[in-house]
Every structure is written in C-alpha cells, then in structure tokens.
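Position one of the sequence shown corresponds to residue 1 (our numbering), numbered consecutively onward.
Think of the hints as simulated: they come from the structure by calculation, not from any bench. Incorrect hints may appear among the rest.
Said to hold, decoys possible - Straight-line distance between alpha carbons at most 25 Å, and here's what the computed PhoX-like set of lysine-lysine pairs gives:
#	residue 1	residue 2
1	Lys119	Lys58
2	Lys146	Lys119
3	Lys7	Lys146
4	Lys93	Lys119
5	Lys101	Lys146
6	Lys38	Lys93
7	Lys7	Lys58
8	Lys119	Lys7
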Amino acid sequence: MNSDIRKLLESVQSGETSVDDALMEMKTAPFEDIGYAKVDLHRRIRQGAAEVIYGAGKTPEQIAGIIESMRRNGQERVLITRMSQQAADYVEKVVELDYRKDSKVGIVGGFPEPSGIGKVVIATGGTSDIPVAEEAALTAEILGSKVERLYDVGVAGVHRLLAHMELIMGASVIVAIAGMEGALASVIGGLADCPVIAVPTSVGYGASFGGVSALLSMLNSCASGVSVVNIDNGFGAGYLANMINHMEVHP
C-alpha cells in the first residue's frame, strides 16, 4: 500500500485527522491546469511517487512553471530528466537547483534519507554508459533508495565484475547498463539472486544500430529474472528499481 495513504489512514484511526479532512485531502485538486500542462498532483497518492518532469521538448519557462505548480501544491522534491543546460541556467534563477550536467538531471529539494528493503546496485559495462547510469542512480536516490555504483565492469574484463561478488549478492535489485552487445545483464543475471533490470544504451559502433543490438541481446537473455527497459532509459530503470526496493509485504 502507498505509504502516504497508509499514514493518512493511520492518522484518521488515531484521531489526529477527521474523516472529513482526510476525504478532502484525497479528493481536492487532483491536477492543476496551467495552460500548457496539467500537473498531476495525486500521482504520489496513487503510485507512491510524485510526477517527474521530462525536460526534453519543454521550454525553460515551461519547466519552471511546472516546478512552481508542484511546489505550490506541497511537492517537496522535484526531479527533472533530460534537462538541457539552457533550461538549468534559467530554472536556477527561479529556484535552488542541483543540476547534473553529464546525466542531464535536475533536482529541486534535495534527497531524502534512504529507506527500503536493501540497496540498489547500478552497474555499467563501460565508462561511456555512466550518463545513463547516473540518470538511473539519481532517480532511485531521490525516490528514497540507497544506491551503490559499480561502474566499468563489462564482460571484456569480467574479473572486474567478479571482484565485487559481495556487493552483487547483497543487492535487493541490480540495474545492469550496457551498450555494444549488452552481455552484462546476462552475466549479472546468472550471478545474482535478486531482480535484474537491463538497460541497453546507444553506445557502440555502427552495427550496434544505436542500441538496438544491445536491446535484442538483453531481451533474449537466457538468465532468469532479467527484465528490460528501453534504450538509454535510465529513469525507467531507476524508478522500477526503487519500486522493487520498496515492496511491502502484508499478511
């Protein structure tokens, strides 16, 4: 169950919040229409994580306006993905922004204390995969997961990966990010006892077809427990990893 809903219901049970106040909190303003965007204010209640801004294709002014709407309606932290330097330069004049240029990620409101059942391990085949990996790592971190980074451990030197077996076996979920032939996900999937989320990247020479080769390799992995997201979709992998890391078990 969503933790925010649980807290609200527990507050009603304890008498701290009236039934009418709780009902009002759950139904008031499900979204705010600001003209160029309808900002979803109930996504955190429905899904456990607030709306994330996809920065590509939006003007700096639009991004700033969406952030303002979110903050005005009580969203403490905001994540912006695929954010350009131009947009970051504009937004940081309006609100305090932590911008990570390499991953094109913007963060407003800082990071929460990590929680969850364990830690998320983000592994890459090579250094060239790090921008996508950082998008995944920062996404999981701002959503509340503890993240361990394990970079440049591709199969061209598999001993580099095997030197970190304790970290691999101690993870609650692993995100395996690789371009070229995308073999890293299968190798990790054959070693780990937790879910593995494979992220193909567009890193590679011509016959990699912009990440399609790695995507097909990961989709055809013979290792059990490997799921695959879209090419370069670090955000999707980080989001899913955080969900897995926060799965609640109820009788």
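Tell me if the straight-line CA distance from Lys119 to Lys58 falls inside 25 Å. violated, 33 Å
Decide if the proposed pair is consistent with the structure: Lys7 and Lys58, CA atoms, cutoff 25 Å inclusive. violated, 35 Å
Measure nothing beyond the straight line between the CA atoms of Lys38 and Lys93; if it is 25 Å or shorter, mark the hint as holding. Holds, at about 23 Å.
Holds or violated: Lys146 and Lys119, Cα atoms, limit 25 Å. Cα-Cα ~5 Å, so holds.
Given the hint that Lys7 pairs with Lys146, test it: the Cα-Cα distance must not exceed 25 Å. holds, 22 Å
Check the hint pairing Lys101 with Lys146 against an upper bound of 25 Å on the C-alpha distance. This hinted pair holds, its Cα atoms lying about 22 Å apart.
Is it true that the CA of Lys93 sits at most 25 Å from the CA of Lys119? Outside the cut-off at roughly 35 Å; violated.
Given hint Lys7 paired with Lys119 - CA-CA distance at most 25 Å: Answer holds: Lys119 to Lys7 is near 24 Å, not above 25 Å.
Consistency with the previously given hints fails for numbers 1, 4 and 7, ordered from lowest to highest.
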